[in-house]
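Q: Below are the chains, spelled out letter by letter.
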Amino acid sequence: MAKSSRDRVSNEINAGSMADIAFLLLIFFLVTTQIVEDKGIRVKLPPWSEVEPDITKLKKRNVFSVLVNAQNQLLVRGELASVEDLRERAKDFIANPTRREDLSESPLKAIISLKNDRGTNYKTYLEVYNELKGAYNELWEEQSQRDFGKPYEELSIQDQRSVRSKIPLVLSEAEPTAFGEE
Amino acid sequence: MSKFKKKRGKGSPAISTASLPDIIFMLLFFFMVVTVLRDSELKVNVNTPKATELTKLAEKSLVNYIYIGKPKDKYKEQYGTSPRMQLGDKFSIVEDIPIFLEKHKVKVPEAKQKRITSSLRVDGEVTMGIVQDVKTKLRKSGQLIVNYSAKAREQE
Chain F
11 MAKSSRDRVS
21 NEINAGSMAD
31 IAFLLLIFFL
41 VTTQIVEDKG
51 IRVKLPPWSE
61 VEPDITKLKK
71 RNVFSVLVNA
81 QNQLLVRGEL
91 ASVEDLRERA
101 KDFIANPTRR
111 EDLSESPLKA
121 IISLKNDRGT
131 NYKTYLEVYN
141 ELKGAYNELW
151 EEQSQRDFGK
161 PYEELSIQDQ
171 RSVRSKIPLV
181 LSEAEPTAFG
191 EE
Chain U
6 MSKFKKKRGK
16 GSPAISTASL
26 PDIIFMLLFF
36 FMVVTVLRDS
46 ELKVNVNTPK
56 ATELTKLAEK
66 SLVNYIYIGK
76 PKDKYKEQYG
86 TSPRMQLGDK
96 FSIVEDIPIF
106 LEKHKVKVPE
116 AKQKRITSSL
126 RVDGEVTMGI
136 VQDVKTKLRK
146 SGQLIVNYSA
156 KAREQE
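Chains as they are written, first to last, in this note's numbering: chain F, 11 to 192; chain U, 6 to 161.
Hint data in this document are derived by calculation from the structure and do not stem from the laboratory. Glycine included, every Cβ here is placed at the ideal spot set by N, Cα and C. Among these hints, one or two may not hold up.
Said to hold, decoys possible - Stretch by stretch, here's where chain U covers chain F in the computed footprint (C-beta under 8 angstroms, at least three residues):
#1 30 to 42
#2 116 to 129
#3 136 to 149
All chains should be built: construct the whole structure from the sequences, respecting the hints.
A: Set out below in structure tokens:
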């Protein structure tokens, strides 16, 4: 008699709550997921050497010196400047389209020298670096349009290299002076 | 006329929800695959500055992170308020960097070791002194590819 009553109970597991369970897991992963794309300014540091490169031996016209002090002020080639003008000035200096006597002889010889104090704000430093890198990026873009008629981003790695070899990025960073350390 | 009415009168059939779990599971698997659970808790405040000339970091497994910033409120008593560096999940000093880099390096296949990038996640308010020390140590350790982490800024 008992057997027959058991038979009547259906043996199927109710799968209706499966969706709820899946939803719960889904929400857990939605909350914990961080699709953070890490972006930043890519820099290749120079290898370590005990002797500091001496930029005073270079011709003055080929060096674009940028100093950022502990008050976050900018000194470009010996005079006070603002971050906003930096990109244009750097571009002018590197490419020197009007062949001025006081700007670089050619992009190949241009050197940007960046120096900061230990008390400089990282934010200011990165802004300055960003502008200098931006100057090079814009010049590469122009060069690429001239040579290949395509944006720099769309060139093959080889062509990108050839563009970069015409306008090499030379950014030398001197050891900072110990002003304004916290 | 009556022919059509009769059919409609029978009532609408219920939409089958049997495939709902499958759809949800599909979404679930997507998120499970995409998720990278953060392995280290941030102990310093890092608010990266904004910049425009950004490049994306390619492979996550090839990146090691160095955080620099002021310790968070709950660590202030122990570690003070001046900027500190965090490697992995603990406060560290500059001298720990070579070991940290080495530990990361052994996990990376040899062919890819040249492309290892150090991502410097530095707070904007930090002064350059500590950043400079870290940079010098990285250069001495032969870790030359560095990424200054920054947020995107709209170009004017």
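Q: Each hint: holds or not?
A: Now the hints, each set against the structure:
{"no.": "1", "hint": "30 to 42", "in the structure": "holds (count 7)"}
{"no.": "2", "hint": "116 to 129", "in the structure": "holds (count 4)"}
{"no.": "3", "hint": "136 to 149", "in the structure": "holds (count 7)"}
Hint compliance for this structure: every hint is met.
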